Amino acid sequence: MIVKIRTISTLLIFFMLFQSCKKEEIQEINIGYIGPLSTRATDLGIGPSQAMKLAVKEYNKNRTNNEPKVNLFIEDDKWEKSNALPSYNKLRKEHNIDIVFISNTDGTVAIQDALLKDGVIAINPLNNDQLLASLNENTFMIAKSTEEANQVIGVRMVELDLKNVVIFQYPNDFMSRAANAVQELLNENGVKNKIVTIDKEQVDFNEYLKAAKDDGVDGYAFFGYKELGFAMKQGRDLGIDVPYFGSTTLLSPDFYNNSQGTIIGTECTFFTPPDGNYILAHQFLKNFANEYGEEPLSVWPPMQAYDATNIVLHELKDLNTTKKESETFEEWLRNRLFSVHYYQGICGNISITEDGSSRGIYFSLYKLISEDKLIKVKR
Amino acid sequence: MKIRNKLILGFGIIISILIAEIILNQLINQKANTTYQKLKVEALPTLYLLDQYKAINKELFLLTSNKVYNINSSLSSQNRLKGIIEVELPYLKSELAFLTRKLEKNEEIVLQSPEIIDLTNEIILLGEKLDNILITKEDYQNPVKLQQAYHIIENDFSRAHSALNLILEGLDLQYSHVLEEFQDKFSQDLTQMSNIILITGIIGILIGLSIAFLVIQSISKPLVALNNAALAVSKGNYDNVISIEGKGELATLGKSFNIMTTSLKENFKLIEKNNEHIKQQEKRFRKVIEASPSAIILTNAERKIELANLQAEVLFKYSKRELIGKSIEDLIATKELESGLNFKDDTNKLKPLQEFYALDKFTNEIPVEVRLNKITIDNKEMTLASVVDITQRKTQEIEINKYLEQLKFKNKELEQFSYITSHDLQEPLKTVVSFINLIDIEYKDSLNDNLATYFNYIRGASNRMSMLINGLLEYSRIGHSCDLDKVDLNELLSGIYVDLSHKIKNSNAQVTSQKLPEVRGYKLELRLLFQNLITNAVKFRRSDVVPSVNISFTEDSHNWIFHIKDNGIGIKEELQNKIFVIFQRLHHRNTYEGTGIGLAHCKKIIELHQGKIWLTSNPGKGCIFSFNIPKNLV
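Protein sequences, first through last, are from chains B and A. Counted from 1, the first sequence has number 201 at position 201 by the numbering used here; the numbering is strictly sequential. Numbering-wise, the numbering used here comes out as the position in the second sequence, counting from 1, plus 1000.
No wet-lab data here; the hints were simulated from the structure. Just so we're clear, the structure is a prediction, and the values are computed from it rather than from any experiment. We put the CB at the ideal spot given by N, CA and C, even for glycine. One or more of the hints may lead you astray.
[Said to hold, decoys possible] Here's a subset of chain A near chain B, in silico, CB distances under 7 angstroms, partners left out:
1) Gly1083
2) Lys1137
3) Glu1365
4) Ile1366
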């Protein structure tokens, strides 16, 4: 009897030692998303948050036991830079997030110090520009190139042989970069141009428009959000019948409503499934509609968010098998993302470069022909 | 050799062949696996990468040419161009680097990879350069920019593209050959493996069959011998001894078989002897059954006859063969069956003894007495019936009843005669006594002494005769007075004491009685009975003792038994059988007066009550008269 007890005790000790020596697996990862769910640019926040939820749901449904469960927590920044850090801190405090997705470029800049301090990896699934690429090593951009996308508008303006162009620009970094990219190209090609930075809540643009009309402006670019819908309407009311151009944010019900339909005919840079991997993109939109009842109005923000989320989730699958004991989660994920050279996403074949920006998502030139319909512009 | 050893040897050889086959298989499998791994890790991925590389290189050249020479090239094709330059080619470079790290250094692709990467980098740079030169329509209209673009595409880009394509094509061709070689080698390995499996399999099967044949032969031969011997034994031939050589299990089995046959032989002899004994017993039992004076019939639960003896044949006139299987109802008279003859009582038990009319083969009815017994044979409930022909007894009973009826009739006549005689005799006797009394009164003085004496004798004799006739009359009347009734004997005795008070007082007798029961009987007759017995007890007293009479009773389940005990003169044993005879006297009438009819009355009264009267006496000391009366007198 004593011998038996001794044997069982020895086996138990061995078992416990074995268990204690066994590498501790990470069971759950919490991800945060900060985006515009109200007030302004909601088409850049609601759709992406839904796409991310769908991606997380699909991942959790198909994951194996040694793959960590992923939880997604969402915060609304109302598309204001000032809300970015409080939202981030809230997500950290309440959910101890290890990864944060944030759409607003200014907001991404605002949380830089906190990211390094907390060892959190940030991914911007909306914009990918030179400013963001210059940020700290914990920041990644899985999106189209802001400059490149908007440069298309400049190319189009030159192609249409415009001589005098006014660019209305919303006061944030993204729109500033978009406007500058166009201006740079126009300048290179000798096209007269002027950037007019508007106020955030501005609704009356008559003064600028009258002056521009008097100046013989033959093309207007509206790089901003719903407020510029009023500008479009006011322009047409003043008898301005020259081409209108817009950025990637044109397809918004508020924008359309404020323009009272004068937005139709505007050319803009946009992204639809044929611009990416069509079959995968089509399947995503189908799943999205099944999940939420309808497809998103503006498809590119959720498509980019879906790809960005899936790239991260794809890496998280291997977390417990590839992460070294000596490595922090932050180090591990950063290295893994840097080694993404080819990911076949719905937006295209994506790679992540050494500065954390991504390549592989390319926007095209579209023309708005109704409230919710765009067609590709043939050259 | 033992079977176990034979089987171990056989299986050992087969297993050795299988092991050899497995080892050979493993060796060839390992070889094939190495080939397959090379195929999988080297040739196929290399060819796949080369195919991708070639395709992208060609697509890039086409898209670039289109961009340069087509002013209206679509934004989509330009985007695709960017995708190749920015994503696809860097990815292919990294894949090539990854692949070459896994391959041996002397592999052609490893040797060529630096040049491929250099050319790729050059192409990327040239592509980016072209992209920056030709952005807008204005650029296409700028001859300097256009010339610069043409130069790049026609010289640098074309050269780099061709050089890369050449290397890729060369490698593709080379690795296609390598793939073919690997495939051939793999196929050869598989064929070799298949042949070895086939050859070793055939050898294994042949050796296995040979071993199996030898082992089967070595086992089946003794088994056949054993089987033949067993068949012989089954036919009763126990003298068949088998001989199996060797020390194996079958030789041991053969010896055991011989021991078994010897043992069987002895056992069968014993069984035969026992069977003979059983047969003898059966024969004896059969004789007993057949010798039974009664007909014996055994029926089963379905009331079918299963056994019948000789007497049954004689009684029912059927042969045994006819009786066996016949229903018992076929042997019972129809009238009995119609009247609901039942062999069971109210508690559903067999009635042990029954009389009824049986039916023989010729439908003659035979009175029979049947005794029934339940017996269990071979777990089956059977009924054994012992049937006795009571035709003779029935005839005798009829005769007896006839005589009994005649006797009753004669008795009745006799009683009538006694009554008539005694009654009719009283009249002339009364006339004689009346006339003697008249003579005595009218001629008293004229009669001489002798004549007076004679008349006194005549009167005395006439009176005695009158008493005798009265006694006789009363005797004949006994039982005719009234019907049976409940009689309280205590009340009855009280009345008797009053009537006999004079006698009791004169004799100083002490008459005692215990409390007596209430009985069913004839009240007047019972009164006469007790009165006679008490009177006798007082009358036949001894002179030297105070007479004592005690009346008591005992009882059993059916009877009240009364005792009248006295301390009188008693009765000698030899005279005791005379006292109940009518007119029989034991003493001269001068000593004890009486008619000698009292105890005859008592006897008749007791018989009327279906009882008996008897006497126990000690002469000179007293006697006890006892009688019984049934409790349920009908």
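Hints, one by one, checked against the model:
1. Checking glycine 1083(A) against chain B by beta carbon gives a least distance of about 6 angstroms; that is within 7 angstroms, so the hint holds.
2. About 5 angstroms separates the beta-carbon of lysine 1137(A) from the nearest beta-carbon of chain B, less than 7 angstroms, and the hint is met.
3. Violation of the interface hint for glutamate 1365(A) is found here, the shortest Cβ-Cβ separation to chain B being roughly 91 angstroms, above the 7 angstroms cut-off.
4. Nearest Cβ of chain B to the Cβ of isoleucine 1366(A): about 89 angstroms, over the 7 angstroms cut. The hint is violated.
Consistency with the previously given hints fails for numbers 3 and 4, ordered from lowest to highest.
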